[in-house]
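Novice: Take the given structure of chain A and dock chain B to it, following the hints.
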Amino acid sequence: MRRLDAMRQRLRSVFRGTSVERDLDEELRFHVESHIDELVARGTSRDRARTIALRRFGGVDQVKESVRDTWRVRLLGDVAQDLKYGLRSLRHSPVFTVVAALTLALGIGATTAIFSVVDGVLLKPLTYPTPDRIVRVLTHWPKTGHDGENLSGADFVDARDRTGVFDAFSMVWGGEISVRAGDRSELVGTWFVNTSFFDVFGVQPVAGRTFRPDDVKKAAVVSNGYAMQHFGAASGAVGRTISVDTITYDIVGVMPAGFHFPQLADVWVPVPSQPDNMNRSAHNYPTVARRRADVSPQALSAAMATLSGQLATTYKDTNSEKTLIAMPLQERMVGSMRATLYLLLGAVAILFLIACANVANLLLARASVRTREIALRSALGADRWRILRQLVVESLLLAAIGGALGLLFAYVGTGALIRLAPVSLPRLGEVAVDRGVLGFAALTSVVASLMFGLVPAWQASRVDLRERLTEGGTRGTVGGGSNALRTGLAVAEIGLAVVLAIGGGLLFRSFMALSTVTLGYRTSDVLVVQANLPSTEDRADQVRVVDRLAQLYPAIATVPGVRSVAGAVGLPMGNSGSNGSYAVEGKHTFAPGQKLPYANFRLASPGYFEAVGVPLRRGRDFTTQDRYDAPFVVIVSEALVREIFPHEDPIGHRIQCGLDSMNYMTIVGVVGDIRDEPGTPPAHELYMPIAQHPGRGSLQEIVVRTSVAPATLIETVRQRIQRADPDVATKLTTYESHAADAVATPRFRTWLVSSFAGLALLLAVAGVYGVLTYLTAQRTPELGVRMALGAGPAEVIWLVLGRAAIIAAGGLMIGLVLSLAASRALTTMVFGTEAVDPMTYVVVLGAVLAVTLAAAAVPAWRASRIDPLSVLREN
Amino acid sequence: MGKPTDLVQGTLDLLILKTLSLQAAHGWAIAKRIEQMSSEVLQVQQGSLYPALHRLEQQGWISSEWTDSDTGRRAKVYSLTRAGRTHYTRELESWERLSEAVNLVVRTV
Chain A
13 MRRLDAMRQR LRSVFRGTSV ERDLDEELRF HVESHIDELV ARGTSRDRAR
63 TIALRRFGGV DQVKESVRDT WRVRLLGDVA QDLKYGLRSL RHSPVFTVVA
113 ALTLALGIGA TTAIFSVVDG VLLKPLTYPT PDRIVRVLTH WPKTGHDGEN
163 LSGADFVDAR DRTGVFDAFS MVWGGEISVR AGDRSELVGT WFVNTSFFDV
213 FGVQPVAGRT FRPDDVKKAA VVSNGYAMQH FGAASGAVGR TISVDTITYD
263 IVGVMPAGFH FPQLADVWVP VPSQPDNMNR SAHNYPTVAR RRADVSPQAL
313 SAAMATLSGQ LATTYKDTNS EKTLIAMPLQ ERMVGSMRAT LYLLLGAVAI
363 LFLIACANVA NLLLARASVR TREIALRSAL GADRWRILRQ LVVESLLLAA
413 IGGALGLLFA YVGTGALIRL APVSLPRLGE VAVDRGVLGF AALTSVVASL
463 MFGLVPAWQA SRVDLRERLT EGGTRGTVGG GSNALRTGLA VAEIGLAVVL
513 AIGGGLLFRS FMALSTVTLG YRTSDVLVVQ ANLPSTEDRA DQVRVVDRLA
563 QLYPAIATVP GVRSVAGAVG LPMGNSGSNG SYAVEGKHTF APGQKLPYAN
613 FRLASPGYFE AVGVPLRRGR DFTTQDRYDA PFVVIVSEAL VREIFPHEDP
663 IGHRIQCGLD SMNYMTIVGV VGDIRDEPGT PPAHELYMPI AQHPGRGSLQ
713 EIVVRTSVAP ATLIETVRQR IQRADPDVAT KLTTYESHAA DAVATPRFRT
763 WLVSSFAGLA LLLAVAGVYG VLTYLTAQRT PELGVRMALG AGPAEVIWLV
813 LGRAAIIAAG GLMIGLVLSL AASRALTTMV FGTEAVDPMT YVVVLGAVLA
863 VTLAAAAVPA WRASRIDPLS VLREN
Chain B
-4 MGKPTDLVQG TLDLLILKTL SLQAAHGWAI AKRIEQMSSE VLQVQQGSLY
46 PALHRLEQQG WISSEWTDSD TGRRAKVYSL TRAGRTHYTR ELESWERLSE
96 AVNLVVRTV
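Protein sequences, first through last, are from chains A and B.
For reference, each letter of the first sequence is one residue, going 13 to 887 in the numbering used here.
For reference, each letter of the second sequence is one residue, going -4 to 104 in the numbering used here.
Because the hints were derived from the structure by calculation, they are not lab data.
Treat the hints with care, as some may be off.
Claimed, not checked - Computed footprint of chain A on chain B; a stretch qualifies when at least three of its residues, placed anywhere within it, have a C-beta under 8 Å from a C-beta of chain A: (1) 17 to 27; (2) 46 to 53; (3) 62 to 69; (4) 84 to 96.
Said to hold, decoys possible - Calculated cross-link-like contacts (lysine-lysine; reagent style DSSO-like; alpha-carbon spacing at most 30 Å): (5) B:Lys27 - A:Lys76; (6) B:Lys13 - A:Lys76; (7) A:Lys76 - A:Lys96.
Unchecked claim - Here are the in silico distance ranges between beta carbons for each label pair: (8) A:Arg60 - B:Ser33: 42 to 48 Å; (9) A:Val111 - B:Gln38: 51 to 57 Å; (10) B:Thr62 - A:Glu385: 41 to 47 Å; (11) A:Gly448 - B:Gly42: 39 to 45 Å; (12) A:Arg41 - B:Ser33: 22 to 28 Å; (13) A:Arg60 - B:Gly42: 56 to 62 Å; (14) B:Gly42 - A:Leu462: 42 to 48 Å; (15) A:Glu794 - B:Ser33: 56 to 62 Å; (16) B:Ser33 - A:Glu385: 34 to 40 Å; (17) B:Gln38 - A:Arg60: 18 to 24 Å; (18) B:Ser33 - A:Leu66: 23 to 29 Å.
By construction, the Cβ of each residue, glycine as well, lies at the ideal position given by its N, Cα and C atoms.
So here's chain A without its partners, still in its complex pose:
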């Protein structure tokens, strides 16, 4: 009640200042006038009485100000006092404060850093106007659940023209190809789009304009970066020209910095709205579109489903097993990373919980030391609520310090994460410690303070006054419940650490399996040169281009340190790939409704297999005689032979595929299996001579096998090519860096989860150590008595170790159960092992048991050194 009154008065002083002021005025005037009345009654003149009374009162304004001060002080007084007291008490125990703040900073910092990545990649909307209306139109295969990147030409046209749900609709395909600006040719990310492409995104150019319908094959739009690099400024680029594949385009517009769709795009050129290839079973066109504002996402899905149904009935052969779907662009970009990022967030949340448990344990230990101080304060009139509040304020202070430090960690950590993250992680540029992340850190700190602070504060405020004050010594405890609480926290810490350690162990094993899996080809000591010459639709011209590029091989081979050189199109783990159905003469035909085998199509020059270390099992390699005008030949992989020719010799059989022509190709050789990516099984492979498929041979991956570190040859090889044929645009990388990119995502999550697991174990072991030290110190009198009665050091050591074993056993049990429950989250990420891998479980459980017992060693040893005499004397 009185608290309520005081509150009301405070509110009055804040909100109705004038009326309170009037009251004060009246009160003081009454005082002075009473004094005057008294003086006048004694015979003083009224004027003189007024002077005396006012002088005696001592300055009405000063008095008023002092009264006002009491109002204000009261308003903030309690909190300020709590804060001041809290700061002082933290300063008085610097070791506790530093350890607790660093532990918290670690938890908050790691959590915040991971959150900044999750936020930047998954949560923040894309930076386009109305990002939710931008969709990718995909080919969905219900049988496998696979979402195909491309639409077939005819499906593309139907989705665009027959649904009426899109404002803008554009194909977008391309890659790094040769672009000439002035007299310089280089490989530039170039994308072929429809003229409505930029309408999909609703982004305006910084200079010039975007496409008009009559721009096809005439105009180009470039990125801000490209314009700056080649023309000095965005405005300087408009009106200049660039050449792509022998066609010259006028630059009509420059997009703002930060607009990169797709990721590597620097040049966009418009192609006709009618696709070249209208075959419904050839999927060649990645598609983006903009949903109409008056069409809901549900209506869009319904329209796509309706169209898919109609197409499936009309075109049974090609469309009965696929549907067309529209997926929000953001979902398509980041969907594949969601599982990994949420896994990391979960892992770091566990680390955070362990950190909080550790600090809670520290606070409990501290509270037991402070029981006398708390008892004294309540004896001096502080009620329980007040003490509880004081302790909570201290927790908040601690969390604030930890949070501020943690933010520092988060800044550093986020930078490190960005460097560590796989290149393929989309939207990495948008990851930043921004306002949202700051808010998250603040929230985390408050949550942390509640988690680690409330229970110890509640326990401490329950101090029994009389008992505490009368009890001698400083060895007061906070009541029987808190030892159980402390042990429980240690058990929970171990349990959580076990979950992380098992997760980290499984990922580590998978990663090792991925890294050592035989890819079937060599990635070390290989330099990859992407080389491109402009080409046209003319077949004779294409043959000439392939011949010109082939002349580079001997030129490169003369560089010292180079062992062999060969050309390829569709290098495993490379940027260009092609695949499709094939038919073996006498076994399959390309008739409608036929089920055909599927293979990767790769082009190679003579010597390719030797250069990348793929063994020739049977038959012969390509030779320079396998020219465009010679009989067509093909080399197949063992996986294909096993399935198609289980009991016969494949050499001499003939194959046709839909790569470019339907010419039959004779099998002349069989080579070893390869895997495109470490995690996939070997597929059927068709290798064809580049010279016989010149239409695809103008952008090659020239494979250079070296006898020295390949990176050291990059400059020399580049110059040699430049000298041999200045028109060739090149880009050089080591093959190993491709391989590293392929396992970058597993490496990223393995590295992080393992680090978290290591930190978690460290914290948990520190927690166990702290609890055991405390409990042992508390049992010193008991142990002293036992020793006085004849117990040897060994028995005392076993007593302490027994306690550790109980904590470890409890923790392991909890960890085991939680891990089994969580193993489902890992199934998509493990490779070469089961999600419940007994080996990992056994190793982790054994290791955790060992380190827990090791943590008990010091307190156990200390207990064994107790001097019974001095203990007995003390008590």
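Specialist: Here is chain B on its own, set in the frame of chain A:
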């Protein structure tokens, strides 16, 4: 009778509580009574009386009410709350302990 003694820091609160424990009163009356009861030895600094009254009211030990006084002016009359009465008893005890202790020290030869 010598010069009136200034109040020891912190004892004003106790004196106010004591005065109000006998009878509700307004500020002027409280000041007068303290001076009378102490046979004019203690003189209340009137400037510190009102901040003290307001502080005690904020702390909930005393409450106030506006009444019409005999001279016809409106006066703010303070009285002890229940919590205030308990507080007063406790303050009184600790004051007695303190003064006893001080006496003990200063009288020891």
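Novice: Give a verdict on every hint.
Specialist: Going down the list of hints, with the structure as the test:
1. Residues of the stretch 17 to 27 of chain B lying with their CB closer than 8 Å to a CB of chain A number 4, which satisfies the three-residue condition for coverage.
2. Judged by the Cβ-Cβ criterion of 8 Å, the stretch 46 to 53 of chain B is covered by chain A as claimed, because 5 of its residues qualify and three suffice.
3. Beta-carbon proximity to chain A at under 8 Å applies to 4 residues in the stretch 62 to 69 of chain B; the threshold of 3 is reached and the given coverage holds.
4. Evaluation of the coverage hint for the stretch 84 to 96 of chain B: breached, as 1 residues show C-beta separations to chain A shorter than 8 Å, against a requirement of three.
5. Taking the CA atoms of Lys27 (chain B) and Lys76 (chain A), the gap is about 20 Å. The hint holds against a cut of 30 Å.
6. Between Lys13 (chain B) and Lys76 (chain A) the alpha-carbon distance is near 24 Å, which keeps this suggested pair within the 30 Å criterion.
7. Pair hint Lys76 (chain A) plus Lys96 (chain A) holds up; C-alpha atoms about 27 Å apart against a cutoff of 30 Å.
8. Between Arg60 (chain A) and Ser33 (chain B) the CB atoms are about 27 Å apart, so this pair departs from the stated range of 42 to 48 Å.
9. The beta-carbon spacing between Val111 (chain A) and Gln38 (chain B), approximately 56 Å, falls within the hinted interval of 51 to 57 Å.
10. For Thr62 (chain B) paired with Glu385 (chain A), a C-beta distance near 46 Å keeps the hint of 41 to 47 Å intact.
11. Checked against the given bound of 39 to 45 Å, the beta carbons of Gly448 (chain A) and Gly42 (chain B), roughly 53 Å apart, lie outside it.
12. In this structure the hint that Arg41 (chain A) and Ser33 (chain B) lie 22 to 28 Å apart at CB holds, the actual value being about 26 Å.
13. Distance hint for Arg60 (chain A) and Gly42 (chain B): a CB-CB separation of about 21 Å, inconsistent with the stated range 56 to 62 Å.
14. Roughly 45 Å separates the CB atoms of Gly42 (chain B) and Leu462 (chain A), a value that falls within the hinted 42 to 48 Å.
15. About 59 Å separates the C-beta atoms of Glu794 (chain A) and Ser33 (chain B), a value consistent with the hinted range of 56 to 62 Å.
16. With their beta carbons about 38 Å apart, Ser33 (chain B) and Glu385 (chain A) fall inside the hinted range of 34 to 40 Å.
17. Distance hint for Gln38 (chain B) and Arg60 (chain A): a CB-CB separation of about 20 Å, consistent with the stated range 18 to 24 Å.
18. The given range of 23 to 29 Å is respected by Ser33 (chain B) and Leu66 (chain A), whose C-beta atoms sit roughly 24 Å from each other.
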